[in-house]
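Undergrad: The chain contents come next:
Protein chains: 2
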Amino acid sequence: MIQVNLTNMQAFAEEGFQTRLASELRTAHEHLQHHDGVGSDFTGWVELPANYDREEFARIQKAAAKIQSDSQALVVIGIGGSYLGARGVIECLCSANYNLKKKNTPNIYFTGNGLSSDQLSEVAQLLEGQDFSINVISKSGTTTEPAVAFRFFRKLLEDKYGKEEAAKRIYATTDRARGALKSLADQAGYETFVVPDDVGGRFSVLTAVGLLPIAVAGVDIQALMDGAKSMMETCSVADAAANPAWQYAAARFALYQAGKKIEILAAYEPNFRFMCEWWKQLYGESEGKDGKGLFPASVEFTADLHSMGQYIQQGERHLFETVVRLGKSKTCNIVPFDEVNGDGLNFLAGKDMDFIRQQAMDGTLLAHVAGGVPNIIVSTDGCDAFELGQLIYFFEYSCGLSGYLLQVNPFDQPGVEAYKKNMFALLGKPGYEELRQELLSKLQG
Amino acid sequence: MIQVNLTNMQAFAEEGFQTRLASELRTAHEHLQHHDGVGSDFTGWVELPANYDREEFARIQKAAAKIQSDSQALVVIGIGGSYLGARGVIECLCSANYNLKKKNTPNIYFTGNGLSSDQLSEVAQLLEGQDFSINVISKSGTTTEPAVAFRFFRKLLEDKYGKEEAAKRIYATTDRARGALKSLADQAGYETFVVPDDVGGRFSVLTAVGLLPIAVAGVDIQALMDGAKSMMETCSVADAAANPAWQYAAARFALYQAGKKIEILAAYEPNFRFMCEWWKQLYGESEGKDGKGLFPASVEFTADLHSMGQYIQQGERHLFETVVRLGKSKTCNIVPFDEVNGDGLNFLAGKDMDFIRQQAMDGTLLAHVAGGVPNIIVSTDGCDAFELGQLIYFFEYSCGLSGYLLQVNPFDQPGVEAYKKNMFALLGKPGYEELRQELLSKLQG
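In the order they appear, the protein sequences are chains A and P.
If you count by this note's numbering, then the first sequence holds residues 124 to 568, one letter each, in order.
If you count by this note's numbering, then the second sequence holds residues 124 to 568, one letter each, in order.
Wrong hints could be hidden among the right ones.
When chains are identical, the list treats them as one kind, so a pair holds in a single copy or across two.
Unchecked claim - With a straight-line cut-off of 30 Å between C-alpha atoms, the simulated DSS-like cross-links for lysine-lysine are:
id : residue 1 : residue 2
1  : Lys226    : Lys283
2  : Lys278    : Lys453
3  : Lys225    : Lys552
4  : Lys544    : Lys453
5  : Lys189    : Lys552
6  : Lys286    : Lys565
7  : Lys291    : Lys543
8  : Lys474    : Lys544
9  : Lys286    : Lys544
10 : Lys415    : Lys453
11 : Lys415    : Lys283
Just so you know, these hints were derived from the structure itself, not from any lab.
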């Protein structure tokens, strides 16, 4: 079960903030439960772990098994919410070195998440001589980055296998009924999966968007969903004492009100790096609007205690930490004894790494709190698929609550259009002629 | 050459800030040039690209060639400045997928940069059946993370090759004369390289600390040094108009004074991710003290335009962006024409990716500036070893100036000790008994 420990942030927030926020939390909670708050069209994720489409889920597992059997690599084309969740889960559960490891499952290459020419070439190079499949993920099919990448890799696949066989190796995760990618898929005969209408990109990791690549990597996606469901039940309870999401949402909002403008998500596992990236999108995109919102940042400890650690300890006091403690490691490593003891570490000989890490966590906690950094601990029992499913849902539900406390629409992202419109205009897309002139004159000015 | 473009930050800073800061900049500059400012004992990096030890440099190249010839993998053990620079340069010049690629140089595994049990096991697993060498990097040899990892991997190496042959495969980068690792290396007969006394960890990428792993990856370290030297000469000129480091340091300080408390370093290449991590240590550790300093964060565009992009466009207005534009890509990829044009992208067919990326850069710039985000552009001609050497020195020199403008000691890191002391106490290290009791009662309280 997820535990939230607020002991080390209390002194930095207004006294009694939990009582003060209780009614606002209850309102936010009811809006989520009853789908009647701002942006409620995009709250389908709330009951998703209970009411997801079982038929499609079985098809995802079947497609994953087919890809595992006929492909040495899967090219996953998607950006934002169609990218970070799957990468986060795969790195966390299988390793950031997943592709390097010896295994019975295909390599997974994420692309279509940028405009780097060199990245396209690299992925193409890594695919040389490999049987591969493509999972293209895009609600509309017209988002520039994935659409461009899909043109490249579809061509590569068709050149290799011919159009007919290639079509059996392309899996499109897209709108249920409309859009460019859906039309193309139907025409060409690609198997399709659904980006639900009522689940926004950053909340979509537990839909086909995330589940297909995650299943291909060999993760038990049933356990992931079961974990999310167990946390869904916990989060449905309207009681601050029993609901960890209420506790986390209240604490971070109280700290924001107390002038802490940056939230640093910290974990002690390198494999958690892209879960932090997923979390940054979830919170940054949900809260960062109307001139408001905590700035989400992340660090990897203890590595970054020798990097950002100095700033956290003694820099501007405008930040707080949320530390994810992932419970027991999968492996047990004991520090070897060394007769010479030149490094003076024999006092650690015979101790296992988890013990040492635990002392580093506690020591860092006390050091940072003493330095003026409020600290929230979010702990899990361990880090398998079930527990990660719990953590994902916990962060999603807390995020919905947080957005409502902040009085923003947590489920839209109007600011993302700004760069796109400008880019289209500068690229000469038909229909943007006027904006193009305006922008060009600004650039020259 | 490095260009700094301040056009898009001027409106957000006090008018005439450059004139106002001119004399402070000159003073800071002179302190760096004459080694007579605060923390001047650690300003050896200023002339390093001109006066580095040529004999040692040749030994680094020789050792790298030996490792390339007798090892399929190099285990690099180091944390903080003994980790991020080498990883940043290797990922930037060779790819974040370096280890995955087919190549004639060894895989490089960075470890000893944390306390993750699973990470140790993973690296050990990746080494199975591989000939490998170790580069252990630690000034003292007693820093917990690398020292623990060195015990593990030295044992693995000695079990595989025997003590004598293992000793020929261990390269220690450490203090010139003293310390635990130096003693051990001399005793055991490891080849040693020097962490200079007058260059702090975060400024050490162009010493043996960074150069040995970088050379093993096949990077032309002579070009890297030559680039740094050319920028050293540029940065030695006491003239704001000719010195890009003066321009950058002044602009970011003026923005800080104008209430922008977060600097986001953005690049449009996934391979630049760990150069951003290097930059975060450089600036965070140099400036984050005495309750002051810009909070350094980073994003990878365009990926994060679909993640942090919303916050940057419309969240709290307490941030600015510094965008690194790396010039021409190594590869040229043309968007394929598609008769069906379901994705509506034929207006891009025949265009190369660099053109598209350029429009994304300009479009994003205009969108963010219109949204209230000051923007600094740092551009390079391209991204080879020479140009990256320039960029590294540029950021180092700007950092020294920045710290002096902020009136902190940019070359110490007193805050890093806090977590270490607590960790030692909780781990039961002899000599920390009193602190241990104090901390334990805090944890129980």
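Undergrad: So, for every hint listed, does it hold in this structure?
TA: Structure-based check of each hint:
no.: 1; hint: Lys226 to Lys283; verdict: both (25 Å within a copy, 24 Å between copies)
no.: 2; hint: Lys278 to Lys453; verdict: between (41 Å within a copy, 21 Å between copies)
no.: 3; hint: Lys225 to Lys552; verdict: neither (45 Å within a copy, 39 Å between copies)
no.: 4; hint: Lys544 to Lys453; verdict: between (46 Å within a copy, 28 Å between copies)
no.: 5; hint: Lys189 to Lys552; verdict: neither (39 Å within a copy, 54 Å between copies)
no.: 6; hint: Lys286 to Lys565; verdict: neither (45 Å within a copy, 67 Å between copies)
no.: 7; hint: Lys291 to Lys543; verdict: neither (32 Å within a copy, 55 Å between copies)
no.: 8; hint: Lys474 to Lys544; verdict: between (57 Å within a copy, 19 Å between copies)
no.: 9; hint: Lys286 to Lys544; verdict: neither (34 Å within a copy, 63 Å between copies)
no.: 10; hint: Lys415 to Lys453; verdict: neither (40 Å within a copy, 40 Å between copies)
no.: 11; hint: Lys415 to Lys283; verdict: neither (50 Å within a copy, 57 Å between copies)
In this structure, the hints that do not hold are numbers 3, 5, 6, 7, 9, 10, 11, in rising order.
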